[in-house]
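Engineer: Each chain, letter by letter, is given below.
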Amino acid sequence: MNSENIHNALIIDRTVRQRLKRLSGANASKCYQCATCSSVCDLSFGDNAFPRKQLQWAQLGLIDKIKSDYAIWLCHQCNDCSVHCPKDVRPGDIMAAMRALFISENSVIRTVGRMYERIGVFWPLTVFVPIVAWFSFFLATKGRTEFISSAVDFKFETLVPHWMIYSVNIPIFAGALIALGISGIRAWDAWGAPKATLSMKLTAFYMAILDIVLHRKMTDCTTAKQRSTGHFMIMWGFAGALVTTTVIAMLLFFSSFKLPLPFFHPLKIFGNIAGALILLGGIYVLQRRWSDSKKMGHSSAFDNYFVLLIFAVTTTGFGAQFARMANLQALALFVYLTHLGLVFSLFASLPFSKFSHMWYRLLAVTRLHLNSQEKPVRLPQPVSVND
Amino acid sequence: MDRTGVFICGGCGIKDKTDIDALCSTTLKKGAIIARTHDALCSADARLAILEELEAQSLDSVLIAACSVRRKKAAFSPLKEKAVNKRICIREQAAWSRDAKTEDIQSAAADQICMGIAALRSEQKATVGFVDVRRAVLVVGAGLCGMVAADAIARLGFQVYLVEKDEIPGGFLKRTASVAPFRAPYNTPAVSPVEYWSEAIACNRNITLLTRTEISSISGQPGQFEVDVGSRKFVVGAVIQATGATPVPLESLPAIYDLNCADIVTGADFEKMLVNESTFIKPSNGTVPKNVVFIQCAGSRDSGQLPYCSRECCQITLKQIHQIQKIMPGVECQVIYQDMRTTGMMELFYSATLELENVSMIKGDVKRVTKVGDQLTVFVANTVLGEQIHITTDLVVAATGMVPNAADGEAIRAIRDAKLTIEKNESAEQVSNAQERIASLAYLDTPAILNLDYRQGPDLPQLAYRFLDSHFICFPYETRRTGIYAAGTVRAPMDIAMGISDAKGAALMAVQCIEGAARGESALPRIADIETADFFMQRCTQCKRCTEECPYGALNEDAKGTPLYNPTRCRRCGICLGACPERIVSFPSFSIDTVVSMIKAPEIPDEFEEKPRILVFMCENDAAPALDAAVQQGLKINPWVRFIEIRCLGSFHNVWVADALSHGYDGVLLMGCKQGDDYQCHNIQGSALAHTRIANIGETLDRLALEKDRVRVVEVARDESAQAVQFIEQFTKDIEALGPNPLKGF
Numbered sequence: 023m024n025s026e027n028i029h030n031a032l033i034i035d036r037t038v039r040q041r042l043k044r045l046s047g048a049n050a051s052k053c054y055q056c057a058t059c060s061s062v063c064d065l066s067f068g069d070n071a072f073p074r075k076q077l078q079w080a081q082l083g084l085i086d087k088i089k090s091d092y093a094i095w096l097c098h099q100c101n102d103c104s105v106h107c108p109k110d111v112r113p114g115d116i117m118a119a120m121r122a123l124f125i126s127e128n129s130v131i132r133t134v135g136r137m138y139e140r141i142g143v144f145w146p147l148t149v150f151v152p153i154v155a156w157f158s159f160f161l162a163t164k165g166r167t168e169f170i171s172s173a174v175d176f177k178f179e180t181l182v183p184h185w186m187i188y189s190v191n192i193p194i195f196a197g198a199l200i201a202l203g204i205s206g207i208r209a210w211d212a213w214g215a216p217k218a219t220l221s222m223k224l225t226a227f228y229m230a231i232l233d234i235v236l237h238r239k240m241t242d243c244t245t246a247k248q249r250s251t252g253h254f255m256i257m258w259g260f261a262g263a264l265v266t267t268t269v270i271a272m273l274l275f276f277s278s279f280k281l282p283l284p285f286f287h288p289l290k291i292f293g294n295i296a297g298a299l300i301l302l303g304g305i306y307v308l309q310r311r312w313s314d315s316k317k318m319g320h321s322s323a324f325d326n327y328f329v330l331l332i333f334a335v336t337t338t339g340f341g342a343q344f345a346r347m348a349n350l351q352a353l354a355l356f357v358y359l360t361h362l363g364l365v366f367s368l369f370a371s372l373p374f375s376k377f378s379h380m381w382y383r384l385l386a387v388t389r390l391h392l393n394s395q396e397k398p399v400r401l402p403q404p405v406s407v408n409d
Numbered sequence: 024m025d026r027t028g029v030f031i032c033g034g035c036g037i038k039d040k041t042d043i044d045a046l047c048s049t050t051l052k053k054g055a056i057i058a059r060t061h062d063a064l065c066s067a068d069a070r071l072a073i074l075e076e077l078e079a080q081s082l083d084s085v086l087i088a089a090c091s092v093r094r095k096k097a098a099f100s101p102l103k104e105k106a107v108n109k110r111i112c113i114r115e116q117a118a119w120s121r122d123a124k125t126e127d128i129q130s131a132a133a134d135q136i137c138m139g140i141a142a143l144r145s146e147q148k149a150t151v152g153f154v155d156v157r158r159a160v161l162v163v164g165a166g167l168c169g170m171v172a173a174d175a176i177a178r179l180g181f182q183v184y185l186v187e188k189d190e191i192p193g194g195f196l197k198r199t200a201s202v203a204p205f206r207a208p209y210n211t212p213a214v215s216p217v218e219y220w221s222e223a224i225a226c227n228r229n230i231t232l233l234t235r236t237e238i239s240s241i242s243g244q245p246g247q248f249e250v251d252v253g254s255r256k257f258v259v260g261a262v263i264q265a266t267g268a269t270p271v272p273l274e275s276l277p278a279i280y281d282l283n284c285a286d287i288v289t290g291a292d293f294e295k296m297l298v299n300e301s302t303f304i305k306p307s308n309g310t311v312p313k314n315v316v317f318i319q320c321a322g323s324r325d326s327g328q329l330p331y332c333s334r335e336c337c338q339i340t341l342k343q344i345h346q347i348q349k350i351m352p353g354v355e356c357q358v359i360y361q362d363m364r365t366t367g368m369m370e371l372f373y374s375a376t377l378e379l380e381n382v383s384m385i386k387g388d389v390k391r392v393t394k395v396g397d398q399l400t401v402f403v404a405n406t407v408l409g410e411q412i413h414i415t416t417d418l419v420v421a422a423t424g425m426v427p428n429a430a431d432g433e434a435i436r437a438i439r440d441a442k443l444t445i446e447k448n449e450s451a452e453q454v455s456n457a458q459e460r461i462a463s464l465a466y467l468d469t470p471a472i473l474n475l476d477y478r479q480g481p482d483l484p485q486l487a488y489r490f491l492d493s494h495f496i497c498f499p500y501e502t503r504r505t506g507i508y509a510a511g512t513v514r515a516p517m518d519i520a521m522g523i524s525d526a527k528g529a530a531l532m533a534v535q536c537i538e539g540a541a542r543g544e545s546a547l548p549r550i551a552d553i554e555t556a557d558f559f560m561q562r563c564t565q566c567k568r569c570t571e572e573c574p575y576g577a578l579n580e581d582a583k584g585t586p587l588y589n590p591t592r593c594r595r596c597g598i599c600l601g602a603c604p605e606r607i608v609s610f611p612s613f614s615i616d617t618v619v620s621m622i623k624a625p626e627i628p629d630e631f632e633e634k635p636r637i638l639v640f641m642c643e644n645d646a647a648p649a650l651d652a653a654v655q656q657g658l659k660i661n662p663w664v665r666f667i668e669i670r671c672l673g674s675f676h677n678v679w680v681a682d683a684l685s686h687g688y689d690g691v692l693l694m695g696c697k698q699g700d701d702y703q704c705h706n707i708q709g710s711a712l713a714h715t716r717i718a719n720i721g722e723t724l725d726r727l728a729l730e731k732d733r734v735r736v737v738e739v740a741r742d743e744s745a746q747a748v749q750f751i752e753q754f755t756k757d758i759e760a761l762g763p764n765p766l767k768g769f
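Same order as they appear, the protein sequences are chains V and W.
With the first sequence counted from 1, adding 22 to any position gets you the numbering used here.
With the second sequence counted from 1, adding 23 to any position gets you the numbering used here.
Certain hints may be false.
Subject to a maximum C-alpha distance of 30 Å in a straight line, what follows is the list of computed BS3-like cross-link-like pairs (lysine-lysine) [stated by the list, open to error]:
hint, chain 1, residue 1, chain 2, residue 2
1, V, K89, V, K290
2, V, K43, W, K305
3, W, K305, V, K89
4, W, K731, V, K43
5, W, K313, W, K442
Far from chain V, some chain W residues (derived; all Cβ distances over 10 Å) [what the hints assert, rightly or not]:
hint, residue
6, S66
7, L71
8, R93
9, P272
10, L371
11, F490
12, A551
Read the hints as simulated data drawn from the structure, not as lab findings.
C-beta: ideal position from N, C-alpha, C; glycine also.
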C-alpha cells in the first residue's frame with residue numbers, strides 16, 4: 023500500500039451519514055444495493071446507476087462526491103424509488119437530504135449554513151430575532167408616539183417609514199443574492215462543467231429556464247404528481263409577488279406614488295392574486311406532505327421551514343392588509359411588524375435554506391442541457407408497476 | 024438353487040414388443056421348473072398366484088422378469104420372506120429400449136432372463152446373522168450438538184455415554200453470553216442454548232456424563248463397540264462424534280493484516296471481550312473505542328487459507344453488533360463483506376440489524392489493515408463505487424472461520440506405515456518415498472480423537488476441507504465408518520439451528536444402525552441387506568488388498584495380515600470381492616460364480632450373423648438408475664447390448680473381462696459413478712478402483728491376443744441419463760469398427 027494509493031482513497035466520514043439521517047429521517051445503511059431505485063428512476067440511463075450510486079455515497083458519507091455531483095439536483099423527488107424500495111430505505115428522501123447537505127456545505131458562511139441545516143433547532147432565532155428587532159425599532163421611534171396619538175389617518179408609512187424598510191431589505195436581499203451567486207459559481211466549478219462557448223451556455227440556460235417555468239420535468243412525476251401542482255402555484259405566486267414588490271418600490275423611488283393603493287388598483291389586484299396563489303399552493307403542498315408522507319416524501323424541518331416561512335409571509339401580508347382595511351389598528355400594526363420580520367427571515371435564508379434550491383436546480387438543469395451532446399441514449403421507459 | 028420358477032410380466036407394453044410364450048419356452052429349456060406369465064405381475068392377484076405356485080411346485084427360488092428392480096419395490100418385497108428371489112429387468116433393458124426388429128428385442132429379453140436363471144442357479148440362501156446388540160450410544164463431545172444428540176437418544180430409551188474432555192459441558196458456546204437467534208422471530212440475539220441443554224442432560228438418568236475424559240480406545244463393531252475411557256470400560260452400539268470446530272486464530276490471518284497492531288482481534292476474541300455484556304476496551308491502551316470495523320471472510324474464501332464459507336461468522340458479527348449497540352449505543356459499527364451469507368431465516372436477523380443506529384455495511388475486498396500514523400486504518404478496494412476507500416477505526420474485528428476438531432484416521436495410519444517403513448530400512452528408495460509421504464501428510468499428523476481399533480486408522484477419514492463428511496448428497500450424517508456418525512460443526516460448517524437438527528439426525532441414524540444390526544441388516548446404501556461376505560480363508564494369501572481397499576474399514580487384520588471380518592461394519596458393497604486376486608470373497612447372491620454364470624448364460628451368435636454382443640456392467644447406484652431414466656424418457660439403446668447390474672464398480676472383478684471375452688462378447692463396458700473430489704460414488708472409491716484395475720488388465724488381454732479397446736470404463740452421474748445412452752452408443756460403434764471378437768465361437 024503506497025502513499026499514492028492512500029491519497030487517492032476516499033475517506034469515510036461518519037458524521038456526514040449522521041447528518042443525512044437527521045435531514046431525511048431515513049437510514050441509508052439499510053440499503054443493500056439491489057438497484058431497484060435505479061431501475062424505476064426516470065433519470066437513470068446507461069450505466070450511471072442513479073440513484074444507487076448516490077445511496078452508496080450516503081452510506082459511506084462521501085461528502086466530496088455529493089458536493090461534486092449535479093445529478094442530485096435533477097431529481098424532483100417523484101418518489102418512484104421510495105415506493106419501490108424493498109428495504110424501505112426511501113432513496114427519494116435521502117436524495118432530498120443530500121441536496122440539503124449540498125446547500126449547507128456550499129454556503130458562503132459555513133456556520134450559518136450549518137445553522138440552517140439544523141433549522142429545526144435554530145428556527146426561533148432566525149424567525150423571532152428580526153420580528154423583535156422590528157418591534158423594538160417601532161417602539162424606539164416616533165412611530166410609537168404617532169400611533170399613541172391615534173391619528174385619524176392610519177397608514178403603515180407613518181408608523182414605519184419606507185426608507186427604513188428599504189434600507190434593511192434591499193441590502194439583505196442584495197447580499198443574499200450575491201452570496202447565492204457565489205455559492206452557485208462554486209457549485210458550477212465543483213461539478214466540472216464541460217468547455218462551452220458563452221452562447222452555448224446561454225442557450226442551455228434559456229432552455230433550463232423554460233424547463234423550470236413550465237415544470238416540464240416535474241409533471242413527469244407519477245408517484246408524487248400532486249407536488250407539481252402545488253409547486254407551480256407557489257412558484258408563480260412568488261414570482262408575481264416579487265414583481266409587484268419591485269414595481270411598487272421603483273414607483274415609490276422614482277415617482278410621487280403614494281401608498282396605500284385602493285383595493286381595486288391593478289397592481290393591488292395583481293399582488294393579491296399572487297399572494298392567493300402562494301397561499302393556496304402552500305396549503306395544498308402542506309396538506310399533501312403531511313397526509314401522505316409515503317408517497318410525497320418525508321417532511322424535514324429543512325423543508326418545512328421554507329414552505330412555512332413563505333406561507334407565513336403571505337398570511338401576515340394578507341392579515342395586515344385586511345386588518346388595516348377593517349381599521350383594526352392595533353392588530354394591523356402587530357401583524358405588519360411580524361410580516362416585516364418574516365420578510366427579513368425569508369430574504370436572509372435565501373442562500374442557506376431550501377430557498378436556494380431554485381438557483382442550484384436552475385444551474386443543474388443548465389448543466390444537463392450543456393451536457394446533452396454527451397448524454398447516452400436513453401433506455402426505454404420503465405413500466406410503472408403500480409399504476 | 025435348483026427349483027426356480029420364472030414369472031414373466033407382460034404388462035407395460037412388454038407383451039407387445041416380445042413374444043411372451045416363446046420367452047416362457049426358452050426359460051423352460053434353460054432349466055426353470057415352471058414359467059408363468061401375467062399381464063401385471065405387480066398386482067395383488069399376481070402376487071397370490073406366485074405364492075400359490077411356490078407352495079404347489081415347492082420352488083426354492085423365484086425369478087421375476089418385469090420392470091426395473093428400482094420400480095414397484097413394495098409390490099414384490101413380500102416374496103422376500105418366502106423364497107430366494109431375483110428380479111430381472113426386461114422392460115427398461117429390453118422391451119422399451121430397443122428400437123429394432125422383433126427377433127432382436129426378443130433375444131435381448133431372453134438373454135436377460137437366461138442370465139437371471141443362471142445367477143439364481145449359483146446363488147446361496149442368505150442366513151440372517153443376528154447380532155446381540157447393546158442399545159447404548161457413545162457421544163463424543165458435550166457441546167451443543169453432543170448434548171442435543173444425547174438427549175434425543177436418551178429419550179428413545181437408549182443409554183448414552185456423553186464424553187467431554189473439558190470440565191463442564193457446553194463446548195464452544197459456553198464462552199458466549201448470547202448467540203444469533205435460532206427461533207422465531209429471528210430479530211434479536213438469543214440466550215445461549217447451552218444452559219438449557221446442560222440441565223436437560225443432567226436431569227436425564229439415561230445419560231452418563233463423563234467430563235475430563237478422553238477416549239483411550241474403541242474396538243469392535245456396530246452393536247458391540249467396546250469403549251475404554253481410561254477410568255472405565257463400557258459397550259455401546261453406536262458412536263456419535265460431535266467434537267465441534269475451533270475458530271481460526273489471529274496468527275493464521277493473511278499478511279494483509281498488520282498483526283503488530285494490538286487492536287485487531289478475531290471474532291472469537293471479541294466474543295470474550297463481550298462476554299460480560301458491559302463496556303469493552305481497546306486492547307492497545309484500554310480506552311473505549313468509538314468505532315469498530317468488522318471484516319467478514321477474514322482468512323476465508325477468496326482471501327485466505329480456508330477456501331470455504333464457515334457459515335456462522337456473518338450471523339455472529341450481526342449478533343455482536345446487536346450487543347455493542349445494546350451496551351454502548353454510540354459506537355459506530357461498519358461491516359466489510361464480500362456477501363452477507365445470512366441465509367434462510369437469518370435474513371430477518373440481517374434486516375433487523377440494519378435497522379439499528381450506527382451500523383453500515385460496505386461491500387468490498389479488504390486490501391490492508393494497518394496503522395497510518397496513529398490511526399488503525401482499513402483499506403477497502405472493489406467497492407460498489409469502483410474506487411478504493413479507507414476507513415479509520417479504533418478496533419478491527421476479523422471474523423475468522425472455523426476448522427473442524429477432527430483427526431484424519433487414514434492419514435495418521437499412512438504416516439504410521441511410512442514411519443515403520445523407515446524403521447525397517449529395506450531400501451533407500453522405499454525410505455525416501457516414505458519420508459516424502461510423511462512430509463506431504465505432516466499437516467494431518469494430529470493426535471487421534473476416537474482411537475479406533477481399525478486397520479484403516481484410529482479416526483474417521485476426513486473429506487473436503489478436513490470435515491468428517493461422507494456422501495453429502497445421499498447420506499448426510501453418515502461417515503465412512505459404519506455405526507460412527509459425525510454431527511455438528513465437525514461434519515460441516517453450520518450455525519446453531521442447523522447444528523441442533525444435525526444432532527437429532529445423527530441421533531436417529533445411530534439408533535437406526537443399532538436396530539438394523541440387531542436384525543442383521545446393513546446400513547446405507549444397501550439398507551436392509553442381510554447378506555454378509557464370506558471369506559474362504561484356506562486360500563487367503565494375506566495380500567491385504569481387501570483390508571486396504573475396504574472403504575468402510577470393515578476388515579481388520581491380525582498380525583500376519585489375515586483379514587478379520589466385522590459383519591456389522593460391512594455395507595455389502597463388494598469392493599473386497601473385486602479386490603481379491605484369489606477370489607475367496609463371496610456373498611450369497613453375488614459372487615464370482617454368479618456373475619460368471621450370468622456372463623455365460625446367453626448364447627452368442629457367430630460372427631457370420633453380424634449380431635455383435637456388448638456386455639455392460641452397471642453400478643446399481645448411479646449408472647443403472649440413470650439408464651432407467653433414459654429409457655423412461657424414450658431414449659433407445661442398441662439391440663446388441665446385454666446388461667449386468669453389480670453393487671459397485673469397485674466390486675467388479677477383472678476375471679469377468681476374460682470370461683466375457685472368451686465367451687464371445689465383442690466388448691465389455693463398465694459404467695460407474697463419478698470419481699474425484701466431488702465424487703458421486705456411493706462407496707467413495709469404487710469407480711476410482713475400477714479405473715486402476717482395468718488399467719492393469721492389458722496383460723490379460725495380450726495373453727488372449729485381444730485389443731485393449733474392447734474394455735472401457737466410463738463415469739455416469741445419476742442425472743446424466745442421455746450421456747449414459749451416448750456412452751453405450753459410442754462404445755458399440757467403436758467395437759463395430761474393431762470388428763468381431765476373434766475368440767467368438769471357440
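Engineer: Now look at each hint and say whether the structure bears it out.
Structural biologist: Right, here's what the structure says about each hint:
Under the criterion of a C-alpha separation no larger than 30 Å, the hint pairing K89(V) with K290(V) is inconsistent with the structure, at around 43 Å. For the suggested pair K43(V) and K305(W), the alpha carbons sit about 28 Å apart, so the restraint of at most 30 Å is met. With a C-alpha separation of about 35 Å, the suggested pair K305(W) and K89(V) falls outside the 30 Å cut-off, and the hint is violated. Taken as a hint, the K731(W) and K43(V) pair is broken in the structure, with Cα atoms around 76 Å apart against an allowance of 30 Å.
Simply put, K313(W) and K442(W) have alpha-carbon atoms about 55 Å apart, too far for the 30 Å limit, and the pair is violated. A cut-off of 10 Å between C-beta atoms confirms that S66(W) is not in contact with chain V; the least separation is 55 Å. The non-interface label for L71(W) is consistent with chain V: the shortest C-beta to C-beta separation is roughly 62 Å, beyond 10 Å. For R93(W), the shortest C-beta to C-beta distance to chain V comes to about 45 Å, beyond the 10 Å cut-off, and the non-interface label holds.
The claim that P272(W) lies off the interface holds: its Cβ sits roughly 24 Å from the closest Cβ of chain V, which is beyond the 10 Å cut-off. Separation of L371(W) from chain V is adequate, the least Cβ-Cβ distance of about 13 Å exceeding the 10 Å criterion. Under the 10 Å C-beta cut-off, the non-interface status given to F490(W) relative to chain V holds; the minimum distance is some 30 Å. Non-interface status of A551(W) relative to chain V is upheld: no Cβ of that chain comes within 10 Å, the nearest being about 49 Å off.
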